[in-house]
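Listed below are the residues making up each chain.
Number of protein chains: 2
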Amino acid sequence: MSIATVSRVLNGSDKVSESTRKKVLDVMERSGYTPNAFARGLGLNTMRTVGILCADSSDIYLARVIYWLERELRKNSYASMLCCTGYHLPEKEKYLQLLLSRSVDALILAGSQFIEENAQDNAYLYEAAKKVPVFLLNGVLPGSGAYSIVCDDALAVKEMTDELIALGCRSPIFLYRSLSYSGKRKLSGFCRSLTEHGMNGQERSFLCPAGIPETVRFLQELEAQGIFFDGCLASDDELAVGAVKYALEAGRQIPADLQITGYNNSLLSLCSTPEITTADNRSEFLCTTAVSLLMQVLEGKDVPERTMYSANLIRRATTRSPK
Amino acid sequence: MSIATVSRVLNGSDKVSESTRKKVLDVMERSGYTPNAFARGLGLNTMRTVGILCADSSDIYLARVIYWLERELRKNSYASMLCCTGYHLPEKEKYLQLLLSRSVDALILAGSQFIEENAQDNAYLYEAAKKVPVFLLNGVLPGSGAYSIVCDDALAVKEMTDELIALGCRSPIFLYRSLSYSGKRKLSGFCRSLTEHGMNGQERSFLCPAGIPETVRFLQELEAQGIFFDGCLASDDELAVGAVKYALEAGRQIPADLQITGYNNSLLSLCSTPEITTADNRSEFLCTTAVSLLMQVLEGKDVPERTMYSANLIRRATTRSPK
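Protein chains in written order, with our numbering: chain A, 1 to 323; chain B, 1 to 323.
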C-alpha cells in the first residue's frame with residue numbers, strides 16, 4: 001500500500017476502494033486512534049465540529065444563544081468549538097482564522113457585532129464564506145454568501161413605540177448602547193414610529209454609556225438639561241433596569257409618570273421591581289433555525305440566504321395597561 | 001514507505017526519523033490538510049483542545065466561568081470544545097464520553113453539579129481522570145486523581161451569617177436551591193454559624209423552588225406558617241432577588257425589618273432595588289488558576305490536587321451598615 005493511497009484515504013477521495021479505505025483506517029484504529037476525532041475526521045473528511053464566534057459569552061443574551069446552539073449542534077452530532085472575540089476587529093478576524101485552521105465544518109457568528117461599518121472591514125467574512133458555510137445570527141452581509149437569520153428588531157421597536165404612544169406617552173426617548181447591525185435596526189424602528197407621529201426620532205435618541213449606575217446618571221443629566229421624557233425605550237434590558245432605578249430615585253411613578261421598555265426578555269427584566277416590559281427576540285427559535293439551516297447546507301441543499309422572524313412583545317408592569 | 005511507518009508517524013512514535021516524519025507530513029500538507037487540526041494533531045499527537053463540560057452555559061454564573069476559561073485556554077493556544085450536559089447523570093456521563101472520543105487533551109467540569117451523592121455514580125469521573133487530566137471547578141472527588149479548584153463557600157456563608165447576626169439579626173433563615181457540592185458547603189457554613197449562636201441551622205434552612213415568583217410565594221407561605229425571619233441568606237443572587245420582591249410586596253423594610261444576602265456577585269444582584277449584598281466567588285480567579293494549573297499538568301509538572309481560595313463579601317443596601 002503506497003503513501004499515495006493513504007493520502008487518498010486521508011483526502012476522502014472516492015478513487016479508493018472501500019476495502020483499501022477500511023484497511024488504512026484499521027491500521028489507525030490498531031494504532032490506538034479510534035474511536036476518536038483523528039480517524040473519524042480522516043475517514044469522513046470532516047471533524048463534525050462547528051466554530052461558534054461571539055463577542056462575549058458571558059453577556060446574558062449571548063450566553064443563551066450559545067446554550068441553544070451547542071444543544072442543537074450536539075443533537076446533530078456536531079461538536080461546538082467556542083471562541084470569544086471581544087469587540088475589536090483585529091481580534092475578531094484573528095480568532096475566525098484560528099477556528100478555520102481547526103478545520104471546522106462551518107462557522108456561526110453569534111450576535112450582530114460582527115458586521116462592521118466600513119465594507120472593506122468585512123472582507124475577511126466574505127473570504128471565510130468561500131471556505132465554509134458562515135451563519136450570521138442577527139446580522140446581514142449582502143453578497144457575501146453568508147447565511148443570515150435575523151429577528152425583525154426594527155419592527156419590534158416600531159411597534160413598541162407605537163404602543164407606548166397609544167398608551168398616552170407624548171415624549172418618548174430611545175436609549176441605545178452601540179450602533180451594531182441590530183442597534184441600528186432598533187433605532188430605525190424608533191425613528192419610523194416617531195416620524196409617523198410627527199416627531200423627530202434622531203433628536204430623541206441617545207447613546208448611553210454602559211453600566212447601570214452610568215445609565216441612572218445619564219438620565220439625571222438629560223433631566224437637568226431640560227429634556228423631558230415620559231417614555232423610555234431601551235435597546236436592552238440592562239439599560240431599562242437603569243431607567244427603572246433612575247425613576248425610583250427621582251420619585252417618578254412607573255408607569256404613570258414614566259413608561260419603560262427593555263429588549264431581549266432576559267432574566268434582568270424580571271429582577272427589576274417593577275418587572276420590565278420587553279421584547280422577546282426568541283433566542284431558542286433563532287438557534288434551532290440556524291442549526292437546522294446549517295445541517296441542510298452541509299447536506300448540499302439549497303436554503304434561503306436570509307431568514308427573518310418577528311419578536312414577541314412581553315407586556316409587564318413598566319408600561320400602562322391597554323384600555 | 002510502509003503503512004507501518006505512516007502509522008508510527010500518526011502515533012507520534014520516536015522510532016521514526018525526523019526526515020521520514022517530515023515526508024509523511026509533507027504528503028498530508030500537499031493533500032490540502034495543512035495548516036489544520038488533522039496535521040497538527042497528527043504531528044504533535046495532540047489536538048490542543050480542552051473539553052469544557054457544564055450543566056447549562058446560559059446560567060449567569062456558569063456563563064462567566066465559560067467566558068474566562070475560553071479566554072485563558074486560547075491565550076495558551078488551546079481551543080475550547082463546549083458541551084452542556086443538563087443536570088441528569090446519564091447525560092453528564094454520555095457527553096463526557098463524547099468529549100473524550102473527540103481526543104481532547106483535558107476536561108474541565110465547570111460548576112459543582114458534577115459530584116453525585118452516591119460514590120458509584122462518580123465512577124465515570126474516576127475512569128476519565130485516568131485518561132486525561134480532569135479539573136473540577138468548585139467540586140472535590142477525593143482519590144479520583146481529578147484536580148479541584150474550589151471557592152471556600154462554607155467559610156463565606158459562615159462569615160456572612162456571623163455578620164448578619166452581629167448587625168442585629170435574631171432569626172436568620174437560609175434558602176438554597178440544590179444540595180450540589182457547593183450547595184452543601186454553603187448550608188454547612190450557615191449551620192456552623194447558627195450552632196455557635198445557639199440556634200439550629202437545619203431547622204432554619206429551606207429548599208426553595210426555582211424561579212423568582214416561586215421564591216416570593218415560598219416566603220409568603222413560610223410567613224403564613226408563622227415562621228419568623230429577619231434575615232434571609234440565599235445560596236444565589238436569583239433567590240435573593242425573590243426575597244427582595246417578597247419584602248417589597250409584604251411592606252417589610254429592607255434592611256430595617258429584613259436583611260437579605262445573595263451569592264455569586266452576578267449582574268442580578270445589581271438589577272434589584274435595593275442592590276443586594278452578596279459574596280463574590282471570583283470566577284475570573286477560579287478560571288485563570290484552573291487553566292494555569294492545567295498547563296502545568298500538561299507540561300508534566302506536579303501540582304496540588306486541591307486548591308481552595310476565599311470569597312469576597314460585597315456589602316450593599318440589603319444589609320445594615322456596621323456601627
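Please keep in mind that the hints were generated in silico from the structure rather than gathered at the bench. Values in this document were obtained by computation on a predicted structure and should not be read as measured data. Warning: the hint list may mix true and false statements.
One copy or two, either will do: identical chains are not told apart, so a pair holds if it fits within one copy or between any two.
Claimed, not checked - Straight line, CA to CA, 25 angstroms or less: simulated SDA-like cross-link-like pairs of lysine to any residue:
hint	residue 1	residue 2
1	LYS75	ILE227
2	LYS94	ASP105
3	LYS75	LYS94
4	LYS131	GLU116
5	LYS301	GLU223
6	LYS94	ARG48
7	LYS75	PRO90
8	LYS75	ASP105
9	LYS75	TYR124
10	LYS131	MET199
11	LYS94	ASP152
12	LYS323	VAL140
13	LYS75	THR273
14	LYS131	ARG204
15	LYS323	ARG252
16	LYS323	GLU221
17	LYS131	GLU203
18	LYS301	SER77
19	LYS94	SER292
20	LYS131	SER321
21	LYS130	GLU116
22	LYS323	ARG282
23	LYS131	ALA210
24	LYS131	SER77
25	LYS94	THR46
26	LYS75	HIS88
27	LYS130	GLU117
(request) Run the structure past the numbered hints and jot down the numbers of the failing ones, going up. (result) 1, 5, 10, 11, 12, 13, 14, 16, 17, 20, 22, 23
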